[in-house]
Amino acid sequence: MTTPRCHCDICLSELPIESFRRLKCGHCLCTTCIVGILKTRPVCPQCRAPVREKEPQPIYLTIVGTKPIALVVTEGIDQMDAETKLISVRAAERKLRQVADEQKRVCGETVPELLRAIEDFKVRITPMFAKTRSQQTEIEALKQKLGEAEAMREQAERATALSGELAILRADQVTRVSELKDAYMKRDRERARADAADAQVLRAQRLEAEAQTEVRKLKGFLERGTEDRHGQKNKIITLQKDKADLEQQVQGLMGELWELRNQAPARSDYTDLELEDTFPSEYSENSSPHRASGSRSRDACV
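Quick note on UniProt numbering: the sequence shown kicks off at 1 and runs consecutively.
Just so you know, these hints were derived from the structure itself, not from any lab.
Errors might be hidden in some of the hints.
[Unchecked claim] Here are the computed lysine to any residue pairs in the SDA-like style, where the Cα-Cα straight-line distance is at most 25 Å:
(1) 54 to 21
(2) 235 to 221
(3) 54 to 10
(4) 54 to 33
(5) 39 to 26
(6) 131 to 164
(7) 39 to 59
[Stated by the list, open to error] Label-pair restraints from in silico Cβ distances:
(8) 139 to 9: 40 to 50 Å
(9) 59 to 131: 29 to 39 Å
(10) 209 to 172: 45 to 55 Å
Nothing here was measured: the structure is a model prediction, and the numbers come from that model.
Built from N, CA and C at the ideal position, the CB exists for glycine as well.
Please take these sequences and the hints and turn them into a complete structure.
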């Protein structure tokens, strides 16, 4: 069996793994390239990290044959199930072909198990996964439609519930509108009664003002009448007093006249006539007793 060889990214040579060294940065180069860069420019040609002379280290790897790798790949393929993605299945088929080509190039032969796995992938597994993928896509579409249908059903149920609630709200709204109308009508009636009461109050106030005006007028009339009566009463009292004074004066004069008549008997008749013509009978009758005696004496003479 040919010794496995590795590819140097700098000189593009395929050399045994013993001819490679690992730099501190992690990149691996062949010893020839490492000697060259240490002489010219001591940096890694891939990442430009500094390279010192004693830093490159040998690579210790255990290289296995292609056949065990093919068996591992085959076992991994056997573990695939319906949940594996189609792209992973196709990638596995592609890797199997790469392994087979590499094995044939290195070893000059291909492991029969690997060939069977590739054929199984080509004939059965890949079409099955493609069909499964198609079915999954269809299932997802159906699930989406089912979800949409479920959403529509829930929406319909919500719409039905909302319709019921809307009917209740409408009935409540009608009731509230009716109550509001009744309240407005009651308010209008109360307002009309209030307006009527205000009108009555205004009328009562107007009548009261008119009555107060009439009362003031009547009081004025009464006060003026009272003043007039007091004035008339005072006048009457004054007149009565004057009358009493005059009566006293008349009586005094009558007494004097009677005395004078008694002193001059010849002129008594003439004097009586003068007195009767001068004073009223009420004063002559209430005069002094001299007249009575004079009258009696005159009657006796006749």
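So which of those numbered hints doesn't the model satisfy? 6 and 9
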